[in-house]
Amino acid sequence: MSLNAPNHKVCTWTLDYDNPASLATYTANGGYEALRKILSEKTPAEDIIAQVKTSALRGRGGAGFPTGLKWSFMPRAFPGDKYVVCNTDEGEPGTFKDRDILMFNPHQLIEGMIIAGYTLGAKAGYNYIHGEIFEQYESWQQALDEARTAGFLGRNILGSGWDFDLHAHHGYGAYICGEETALLESIEGKKGQPRFKPPFPASFGLYGKPTTINNTETLASIPWIMRHGGQAFLELGKPNNGGSKLFSVSGHVNKPGNYEIPLGTPFADLLEMAGGVRKGHQLKAVIPGGSSAPVLTAEAMMACTMDFDSISKAGSMLGSGAVIVMDDSVCMVKALERLSYFYFEESCGQCTPCREGTGWLYRIVHRIESGRGRPEDLDELLRIGKNIAGNTICALGEAAVGPVASFVKHFRKEFEYHIEHKRCMVGV
Amino acid sequence: MPLIEIDGQQLEVAPGATVMDAAHQAGIYIPHFCYHKKLSIAASCRMCLVEVEKAPKPLPACATPVTDGMKVMTRSPKAVTAQKGVMEFLLINHPLDCPICDQGGECQLQDIAVGYGGSASNYQEPKRVVKDKELGPLIATDMTRCIHCSRCVRFGQEIAGLMELGMPGRGEHTEVMPFLEAQVTHELSGNVIELCPVGALTSKPFRYAARSWELSRRKSVSPHDGLGANVQVHVKNGKVFRVVPQDNEAVNECWIADRDRYSYEALNSDQRLTRPMLKDGGTWREVSWQDALERVATRLAEIRASKGAAAIGGLASPHQTVEELYLFTKLLRGLGTENIDHRPAQAVDTQGQGARWLGMPVADLNNLERVLLIGATLRQEQPLIAQRLRQAVKRGAQLHVVHAADDNLLCKLAGKLIVKPSAWVNALARIAAALRDAGASVSLSTGDIQADDAARAIAASLMSGARKAVLLGAVAQNHPAANEIHALAQAIAAATGATLGFLSPAANSVGGQVVGTLPGPGGLAAAAMLGKPGVASIAAYVLLGVEPELEACDTAQARATLDGAEFVVLMSAFKTQAMDYADVLLPIAPFTETGGAFVNTEGRLQVFHGAVKPRGEARPAWKVLRVLGNLLSLGGFDYDSVEGVRADALPQGQDGIAAHLNNAAATVDLPGLNMAEGLERLGETPINQLDALTRRSAPLQATADAAAPRAWMCGDQLAGLNLNTGDAARIRQNGHEIVLPVDRDDRLAPGTVRIAAAHPLTAGLGARFGIISVEKA
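Protein chains in written order, with the numbering used here: chain R, 11 to 438; chain C, 9 to 785.
No lab work stands behind these hints: they were computed from the structure. Given the structure is predicted, the values throughout are model-derived calculations rather than measurements. Check the hints yourself; a few may be wrong.
As the list claims (entries may be wrong) - Straight line, CA to CA, 30 Å or less: simulated DSBU-like cross-link-like pairs of lysine-lysine: (1) C/Lys-92 / R/Lys-396; (2) C/Lys-227 / C/Lys-244; (3) R/Lys-201 / C/Lys-139; (4) R/Lys-396 / R/Lys-432.
Unchecked claim - Interface residues of chain C toward chain R, partial, derived using beta-carbon atoms under 7 Å: (5) Lys-65; (6) Ala-90; (7) Glu-133; (8) Val-137; (9) Val-295.
Every residue gets a Cβ at the ideal spot worked out from N, C-alpha and C, and that includes glycine.
Input sequences plus hints: build the corresponding full structure.
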């Protein structure tokens, strides 16, 4: 496949070639054509934003915010510096798609960022890359150098008279730096802690300048949209859920990995692509969108299609597209203990409910798991969760509460069994 | 103006105001911890969550801007639930050690927990424990109590200008700590004690000394620098237990410097003079007030009779009150002498046309756009004025410095001329020449001095912008060429439309001038009185609160002169080195034990009352001077209250002060444009050696700022002298000699050797300025 013909492999088509990451592979298959066209025709920014709006491209990092709408918030006429920032701080447990885009299709992200920079009036862009991926950071740097040498970056890009450059920024592995304003603080060299909003980054972003932050997969989808039009992208998926999406399937499946499928594909199909659950086991539960998405039972999940609206209707969220599959060997108390510990450790500590509440949640779940639970603990967990959610600066508070509330809701019996019998009902 | 409704009250608020501001305006209290009016908004404690109509979640009042038509509910069920929830979270890891916590009784967490929290906690898990930090002699820590409001961290970044505390770690593991176990050394550091809403940061000297509710609070005025920071003196059982800031936006805002806060420790020191003492045949004995005062009156009368009134000299400290200085002056003039001064540190009798003052209100410093700071070791001299100028620079002011030391003022400098002290006149003349070259009208001839690039840059900056000031610091005022520096500063100010101001070195520098504690016609100024006995030598010295052996410009000479005097009487709160040379010691009350007033650097009359009774037999100096005046039959000393003295000293009170204030220089020529050859001393008063109180406060003397003096010079200078850091060096100045270790500071101008003045270890040297030699000991 290639970028030359519309197909559902929006970000992963280069894997059909021997050197998927090379500039040669990319350009030989339609890469940088969208950029070339935009620069030579001097496409007005409004037209580009209109295409992105038509495409119904929604943020691939977790929140699913319409990208075209986000771009329209940017004060493009604002004099002075503006920035485009790519969020590759893929820290959501279960997610490993953006790292593969950096690794196997770096130029499509670069082209997407350049188009974003052109559209939003930025002169520079940063890609904030997760601290725990080293090879990808270096290979993407190489791709940048290649692109710069080939004249796609730097001064007077493709003879258009327009200047733009990109920089890679290696993070240090903090989950919170995936929150866009904490990410900006981190780029600025400060401790990664979310900012209070408003002001939003579109008016006060990196170094206090208007800034647009998009996920890696989101930006990498832009060249495809500009090649084939927003309508074609929308038609890949379903209304309000345009395009294809990468799903990182992990857990108890036979073939874990990244799968790029059109939005709206039934979960059952995705599970089958991933080889189904392990032999001799039944599907028990699925976390459909990364660790902060509420867990869904097997039954609810099998009725879903993989798109923002369907999963949302089922009571969870598509999130980053990290599908964590759990079969009947999983102790839900143990699983929640692990998740709670993650949020306890990753809370930035800035605001009270999250700093104090995540520790409280973890300690109670840990106590239940270690056979020291009390009957009132379950309602207490829900009460604490309510006091965290909605009262914090950023969404980490909600993210920490999501698993607790949903695990207790859907698997309350298992928790009660733990408390009463001081051991697990799984595998008894 | 947006119209909003808050708890049913409709009000108009300023555009850009926050919900917190609006609540203040409406008289509604919203609980908060991280919010502080002087600090940036963190919005992190979440205690101030309120319900806003149409907002899906509760919003933090401190960070939410008001919009027209906004409807805010601070006590709705939704708001109360959020506040209660946050309160519960804040308490789960907070120790329940209120009974042994110094913050108990004045703790925001305690108060808000009572007002907004539940009566019991559901939390039954283990609590967090955090290791305490060693922050130095002033601030005690109990870090387990920290609620991570980050006020102390923001204070360092935004007010102090030096981030000495940070918050490393994440989540529950976040801890406030100094960098690499360093101590906190900033001169304003103690303010974090008030900022801390819990008992995590408390006063180390006050630790476990008293409960806050046992203390009576008395308003007072700090007796140290010329700002006159407003303070509260907290007392119990007739003893001062601590000093804390009293808000006054026009003077000190809500801050005080560490020396304002901790100097009270000297009040309770065993060096206090508590009974009158007489020296007979070289032996001191404690005597009654009657005997001591009669001795003073008799001896002064004898000396006046035998040698004339001009053989009597009076020197007072500029830290004494208006009333004390007024009566002191009246007494000496009554005796017939004009040898009167309150400026012990000045090298020359500075001449002008009125009382030197800041030239503008203190609060206007924050709004200056251009500042030329001449001879001010600002952070040591004026810790809080330094803070105000720092805020001005943050807003874009361009600050220029003329000094021998390029000290870090913790803000950006736009320009600087860093040259040795004898070259300051020349440096200022270069700026004046540059102004003239640029077309400004400069009233003073600067001869053939040519501008250089640095001077031209400063001149260009001063000619642009609005709201400008040329400020003269204590070092410039104590300089041997103080009159020439003054004249040039005045010419520069006039040419650029700037205000000329003096940074008053002491709490009552302006008051001393207003009441005329200055040499009269034919009289000697401090430097001459304490100089080599000559034609007009002084036989009898009346000293008030002053320690000339430390505070004089030339300490070694002052000590020799006083040693040779026929009669010396000292009124002091402390047993000073005068025990060696005085004949009578009269114990007087320090600022906490007497009423009085200071006139601060902006000409503000600040009246205060005694907070406790005088210790032992010490008496307010105004009463001592009254009795002395009567014993000498001088007339006009029949006062029965300090207010009565003040009414005579300042008949029109505050309103009469303005007429005295005038920064105009007496006309001077500029003979001293040539720089001296060789090494020169730069002798400044260290921050904690300013006066009798600061130098006797044990915690202040334990700070890094109070480290033993060294002979500092730049690296090239050291190399040229074949010396290495830490080497002992023999320092000679004007026939005097001491040995000091040398150290390197590349911020010093070539030819400059910085040796602190006003310090016991350097008092054996000559004047604060002048040629010195340094060689390996």
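Against the structure, the hints come out as follows:
1. In summary, the hint linking C/Lys-92 to R/Lys-396 is supported, as the alpha carbons are separated by about 12 Å, within the 30 Å threshold.
2. Between C/Lys-227 and C/Lys-244 the CA atoms are separated by roughly 14 Å; this keeps the pair inside 30 Å, and the hint holds.
3. Taking the CA atoms of R/Lys-201 and C/Lys-139, the gap is about 22 Å. The hint holds against a cut of 30 Å.
4. Proximity of R/Lys-396 to R/Lys-432 is assessed by CA-CA distance (about 26 Å); at most 30 Å being required, the pair is judged to hold.
5. Annotation: interface hint on C/Lys-65 holds; nearest CB of chain R at approximately 4 Å, less than 7 Å.
6. The beta carbon of C/Ala-90 comes within 5 Å of a beta carbon in chain R, closer than 7 Å, and the hint placing it at the interface holds.
7. A least Cβ separation of about 4 Å between C/Glu-133 and chain R falls short of the 7 Å threshold, and the interface hint therefore holds.
8. This hint is violated: C/Val-137 has a C-beta 13 Å from the nearest C-beta of chain R, more than the 7 Å allowed.
9. At a threshold of 7 Å, the smallest CB-CB gap from C/Val-295 to chain R is about 64 Å, leaving the interface hint violated.
Hint compliance for this structure: hints 8, 9 are not met, and every other hint is.
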